[in-house]
Amino acid sequence: MKLETKSRIVVFFMSLLVWILITMVFSIPSLVAGIVVALITAIFAGEMLIITERKFHLKRVWYTIEYLLKFTWELIKANFHVAYIVIHPLLPIKPGIVKVRTKLKRDSALTMLANSITLTPGTLTVDVDVDNQVLYVHWIDVKSTDIEQTTKDIGGRFEKLLEEIFE
Amino acid sequence: MPDLAFNQIIGYVIICIGIIFDLFGVLGLVRLPDVYNRLQAATKSVTFGSAGILFGVFVYSGFNAMGFKAILAAIFVLLTSPVSAHAIAKAAHKAGIKLTDKTIIDLYRQDKEKSEEQK
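Note that the protein sequences, when read in sequence, are chains A and B. Numbering (this note's numbering) for the first sequence: 44 to 210. Numbering (this note's numbering) for the second sequence: 13 to 131.
Chain B with its partners taken away, still in its complex shape:
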């Protein structure tokens, strides 16, 4: 091992874990059938993976400007990623993108049709 400090080794390990979960998210984007299921994989794994990488950078660099920037970016990713997923899912449903054939229930569509009938 070259001269790495203890916290740098832990930082590298956390970065590697983050990259592995990012990989699962990408795999989910390719394998899952429709836009909603793909969003599930994309938001969860990519949020955790990216936040993990940034947290690893914080552990690696310690309490300095770079570390705090990484922490702030991680908090930002954690707060905004679910919101954008929610916006994409709602827009997709509004645009009439069909759910996959495996879908067993869509109460959202049923409720929307009901409220349109009442109008």
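Pulled out of the complex, with its shape left as it was, chain A reads as follows:
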């Protein structure tokens, strides 16, 4: 089967599932309307979801769960960090923009890495340089400016997991 067709079928069933979940009405007219909408979605935007052929690994599911748990934990930590800074009367900040090197190449992996960095304590991705594989990160409390050290501190938390999931 062609990759595009496969992607369209996956998108069709996912849209149908979302339709059923958000309406929660199990009557024939509702289901028919859902099928029509899902078909339109699959025809117009279906080819974008699956781009490369990859085998399904159970290991990847495990890594995804590990990533989600780690991400939630870091998000909660980030919020307490922001709360501490905002409540502190002296505003203990030392901001700056530093560079972080990354090994990831695929767009999806880079996007997830940038998003994860933005939602973890004290860091915000400003720009991604795909050619040099460098992320520019705004750090609210700069601890070091050396690229090796920042790569370990900021990117290292998620890079390995994302590499396993996406590459």
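Hints listed in this document are in silico derivations from the structure and should not be mistaken for laboratory results. There could be a bad hint or two in this list.
To be verified - Pairs of lysine-lysine residues, derived as BS3-like cross-links and limited to a Cα-Cα distance of at most 30 Å, are as follows:
#1 A:Lys195 with B:Lys81
#2 B:Lys124 with B:Lys114
#3 A:Lys195 with A:Lys146
#4 A:Lys137 with B:Lys114
#5 A:Lys186 with A:Lys203
#6 B:Lys114 with A:Lys120
#7 B:Lys102 with A:Lys195
#8 A:Lys203 with A:Lys146
#9 A:Lys137 with B:Lys110
#10 A:Lys146 with A:Lys102
#11 A:Lys120 with A:Lys137
#12 A:Lys148 with B:Lys102
#13 B:Lys81 with A:Lys186
#14 A:Lys148 with B:Lys81
#15 B:Lys102 with A:Lys120
#16 A:Lys146 with B:Lys81
#17 B:Lys114 with A:Lys49
#18 B:Lys114 with B:Lys102
#19 B:Lys126 with A:Lys49
#20 B:Lys102 with B:Lys126
#21 A:Lys102 with A:Lys113
#22 B:Lys106 with A:Lys137
#23 A:Lys186 with A:Lys148
#24 A:Lys186 with A:Lys146
#25 A:Lys148 with B:Lys114
#26 B:Lys110 with A:Lys113
#27 B:Lys124 with A:Lys146
#28 B:Lys81 with A:Lys120
#29 B:Lys126 with B:Lys110
#30 B:Lys81 with A:Lys137
#31 A:Lys102 with A:Lys49
#32 A:Lys49 with A:Lys203
#33 B:Lys102 with A:Lys203
#34 A:Lys137 with A:Lys195
#35 B:Lys126 with A:Lys45
#36 A:Lys113 with A:Lys148
#37 A:Lys203 with A:Lys120
#38 A:Lys195 with B:Lys126
#39 B:Lys102 with A:Lys146
Add chain B to chain A, keeping to what the hints say.
Showing chain B alone in chain A's frame:
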């Protein structure tokens, strides 16, 4: 306590936690010095707070149409909020908005100037 089910009480508690973190985000918007630091507070706290409120609605209403809509909205907020923060930060830097005086390093500007010299 009026007749609230157990899951409704937990839902209210989660909604309250979300509102408290939203409050911290707003406080950060007012107190922090420049646009980049404000974005930090705005994205982290407001993402977690809003997602928390929506998750609270899911716990409150259970597995029905309203609950699943809330979960979908929470996932949407979690995925799009960092992207918009990233876009605002990049646009601000491109427009030449200065970082605050407390800033100790700006490698982004240095690299940009270097690449312009090479051209």
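Numbers of unmet hints, in rising order: Of the numbered hints given earlier, those the structure breaks are 1, 13, 14, 16, 17, 19, 25, 26, 30 and 35, listed in rising order.
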